[in-house]
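*Asks:* Protein chains in written order, with the working numbering: chain A, 594 to 700; chain B, 66 to 267.
No lab work stands behind these hints: they were computed from the structure. Just so it is clear, CB atoms sit at the ideal spot from N, CA and C, and this is done for glycine as well. Incorrect hints may appear among the rest.
To be clear about the criterion: a stretch of chain B counts as covered by chain A if any three or more of its residues have a C-beta under 8 Å from a C-beta of chain A, and this derived list gives those stretches [as the list claims (entries may be wrong)]:
1) 108 to 115
2) 118 to 128
3) 215 to 222
4) 226 to 238
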Amino acid sequence: MKFTKNWQENLMRIWRLAYHEKEKAEVGDQWQEKVMHHVRGIRHVISKKSFFEQFGDLLWRLAPVACALILILGICILKFHMIPDYEMAKLVANDPMDYRLLQSLLI
Amino acid sequence: MTHTDSGNSDDAQTVGLVLEGNVNAFETLLLKYSDHVLRIVKKHVTYEAVEETAHEVFVRAFQSLPGFRSDGNFRQWLSSIAVRTCYDYWRKVYRSREIPMSNISETHREWLEEILLDRSGRSFDERDAQEEAREVLDWALERLPAGERMVLELVYLEGFSLKEAAELLGWSVGNVKIRSFRARRKLRKLLCEVINDREGEQ
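Please build the complete structure, drawing on both the sequences and the hints.
*Replies:* Here is the structure:
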């Protein structure tokens, strides 16, 4: 027996009808009272967020960006053989003004 | 201003009242959208879990009210919460396997074969055939993971587009497309097995 496309379509059509039949099931309305009771009990949840809570939310949103930046900087440092302390010292030593200041201090 | 626009602004005003501390104003939204939420929930979860899930939908909506945009469509926003709550219901059920998996009976196999032979048209209006169709559908859906089940129901049984289903579930269109493909493939495999088993027995 073949599993034809026509068979699938036929089955889907019948299933669709059966599926929409589920809507007709009767449900009581007491659950609505329970919802309001529940909601009155948790009213504090929707109070406006404090500054620290808002900052916390923002911090977590920015965390992946910060991680990506750290990763990129790390790769750059490794790739270009940068040693931050050495680079800084070289920068100061090459600066004639700082060099003179360094000399005057040493003398 | 159209009827929908005025409805949206009414909803936004009610949401504003609730956020200002008038919790009782939430009852207006609850009564207005109860039927809409029930229609969604009844189709996606078992009958026994309908009330509990609808309850959960409104509690989640209440807790998420600060995130509702005043220019947004409340009905659509609530539909999305309802669909995601149903998805979470199935994830929970599958994790704990609270509901035992049903088996396919000989009557169901015969019913499937009748459809295959295109003899189903004659009896589908009868209540019995609908019952069988629903039982076989439940049997098949039970065997799909929660995500694939939701996608199959939304796209193939309810007729939502992939984009609409993605918006309701809060997933990307690509994700829905993949799950839809997998769901269809698994369903096909399941039905093939049933038909082949029956042919083997005969």
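*Asks:* For each hint, tell me whether it holds in the structure or not.
*Replies:* Status of each hint after checking the structure:
Counting residues of the stretch 108 to 115 of chain B whose beta-carbon sits less than 8 Å from any beta-carbon of chain A gives 3, enough to reach three: the coverage restraint holds. For the stretch 118 to 128 of chain B, the proposed coverage by chain A is satisfied: 6 residues have a C-beta within less than 8 Å of a C-beta in that chain, meeting the threshold of three. With 3 residues having a beta carbon nearer than 8 Å to a beta carbon of chain A, the stretch 215 to 222 of chain B meets the requirement of three or more and the stated coverage holds. Figure legend: the stretch 226 to 238 of chain B, annotated as covered by chain A; annotation inconsistent (0 residues with Cβ-Cβ distances under 8 Å, at least 3 required).
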